[in-house]
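Numbering-wise (my numbering), the sequence shown opens with residue 1 and increments by one.
Simulated from the structure, these hints should not be mistaken for laboratory data.
Just so you know, not all the hints are guaranteed correct.
Subject to a maximum C-alpha distance of 25 Å in a straight line, what follows is the list of computed BS3-like cross-link-like pairs (lysine-lysine) [said to hold, decoys possible]:
| hint | residue 1 | residue 2 |
| --- | --- | --- |
| 1 | 440 | 394 |
| 2 | 440 | 113 |
| 3 | 113 | 45 |
| 4 | 113 | 100 |
| 5 | 113 | 398 |
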Amino acid sequence: MSETLLVNALPGEMRVALLENGEVREIHIERSAGRGLVGNIYSGKVVRVLPGMQAAFVDIGAERTGFIHQSDLAEAMSAKSGNGTERHSAIGDYLRQGQKLLVQATRDPLGDKGARLSSSLSLSSRCLVFLPGSARLGISQRIDAAAERARLLSCLREALALEGLGESGGYILRTAAEGSDLATLRAELRYLQRLWARVRRCSQESTAPGLLYADLPLHLRIVRDRAASTLERVLVDHPPSLQELRDFCGEYLPELCERLQAYRGERPLFESFGAEVAVREALERRVELDCGGFLVIDQTESMTTIDVNTGSFVGGADPVETVLQTNLEAATMVARQLRLRNLGGIIVIDFIDMSGREQRRQLESALRESLQRDPSPTTFSGMSDLGLAIVSRKLTGKNLLQTLGEECPRCLGRGAIKSARTICYDIAREVNRVARTGEKVELLVQAAPAVVALLRGEEAPCLAQVCAATAARVRLQPEPLYGQEHFDIAML
Numbered sequence: 001m002s003e004t005l006l007v008n009a010l011p012g013e014m015r016v017a018l019l020e021n022g023e024v025r026e027i028h029i030e031r032s033a034g035r036g037l038v039g040n041i042y043s044g045k046v047v048r049v050l051p052g053m054q055a056a057f058v059d060i061g062a063e064r065t066g067f068i069h070q071s072d073l074a075e076a077m078s079a080k081s082g083n084g085t086e087r088h089s090a091i092g093d094y095l096r097q098g099q100k101l102l103v104q105a106t107r108d109p110l111g112d113k114g115a116r117l118s119s120s121l122s123l124s125s126r127c128l129v130f131l132p133g134s135a136r137l138g139i140s141q142r143i144d145a146a147a148e149r150a151r152l153l154s155c156l157r158e159a160l161a162l163e164g165l166g167e168s169g170g171y172i173l174r175t176a177a178e179g180s181d182l183a184t185l186r187a188e189l190r191y192l193q194r195l196w197a198r199v200r201r202c203s204q205e206s207t208a209p210g211l212l213y214a215d216l217p218l219h220l221r222i223v224r225d226r227a228a229s230t231l232e233r234v235l236v237d238h239p240p241s242l243q244e245l246r247d248f249c250g251e252y253l254p255e256l257c258e259r260l261q262a263y264r265g266e267r268p269l270f271e272s273f274g275a276e277v278a279v280r281e282a283l284e285r286r287v288e289l290d291c292g293g294f295l296v297i298d299q300t301e302s303m304t305t306i307d308v309n310t311g312s313f314v315g316g317a318d319p320v321e322t323v324l325q326t327n328l329e330a331a332t333m334v335a336r337q338l339r340l341r342n343l344g345g346i347i348v349i350d351f352i353d354m355s356g357r358e359q360r361r362q363l364e365s366a367l368r369e370s371l372q373r374d375p376s377p378t379t380f381s382g383m384s385d386l387g388l389a390i391v392s393r394k395l396t397g398k399n400l401l402q403t404l405g406e407e408c409p410r411c412l413g414r415g416a417i418k419s420a421r422t423i424c425y426d427i428a429r430e431v432n433r434v435a436r437t438g439e440k441v442e443l444l445v446q447a448a449p450a451v452v453a454l455l456r457g458e459e460a461p462c463l464a465q466v467c468a469a470t471a472a473r474v475r476l477q478p479e480p481l482y483g484q485e486h487f488d489i490a491m492l
């Protein structure tokens, strides 16, 4: 598999697209006005402890206070009872109002909720994740060769000993560490220790609340995390961003320097490689399948639902095979859309009903295989008795729709508005109410053109009867700038 990164920048916005074998697989967008908090380390101040929820609110100097649960407290997680098992104590044993606390954002603010926080800190380099306060050594599950896993862990232990860092904290070898040598690991250990020393120094010198460490900007972060032998090139259409990448790679990823390229094509970078179309399509509810079926994706605050439909696909003579083929293609597309849209949390997929046990087994296998290609932690435990597939995917930041969209001013986020006919009856009821407050009143009704057209046409008898019952006279005035649900009634 070959990978290409596209880096498109404007003042205030950075966009990065990942292509796998020429197909757009991921879109990442970061704006300076709303840059994510994930990975940032803060000197926080506890403002409220909630014993009933085993949680606390922490002021980190952001617009909204952050939220930390007892399970995200390093002190609580490290506390053991006498027999070595976890001891579940009250959060009040660890936190009190006004207390200073070193925390890291693990999830961006969403809606009216503040950032999710943890006091178990981590700092990342290309090959390593440093865990201050921990003592464990780990390795990515994506490195599956037993011999390579053993070699890397042995190499890490040797590097720690040579650097005199035996008790410095815990470390996890990332997927990108595969094939790394001793010199590389020693250099990254020194980098992480310098970074941690700076964080501790800032913590001692600062007053809470405040930011101590901000994670790398998007383009540097993506290149750091995606640096692998499969990454063939990084195309950049913004000279300052290209220079930042060259400086960063020159110091930390020298083998990538020759893969950094300035894009000089006549057409815009994202347009040339299909990424612009991918962004537009990722904002649509409906996703077409090659077979003629389609997906309908709906996002709510609690979960994402995906409905699979056969659409125009009628297949051959066997309807069972038609349904199976649609579901199998949908399984592959679902996994792709989760990555492309950065959908996280709980995802419920309603595949087309299949009664055959073998067909269900094939579908489960296809979905599981497709999800395994996702670099984000994803779990799928099988199909429910109702034929629903429930997938859990790690949620870190905003999804693409939340990043690029906002609540519709017409429907206020409902996804639908009242019909013009419904508004006609709302107006009739309001005319009836207002007219009964006086004798022989004259009213001006201003409404959207479609509503006024109905009141003058099919719904005219309804309004006429209301006027007759209340002795009111009504003038109708269409307002082209009014939304369909908007109307005004004034006395003349």
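So, going through the hints one by one against the coordinates:
1. 440 with 394: violated, 64 Å
2. 440 with 113: It is violated: about 52 Å lies between the C-alpha atoms, which goes past 25 Å.
3. 113 with 45: holds, 17 Å
4. 113 with 100: holds, 21 Å
5. 113 with 398: holds, 12 Å
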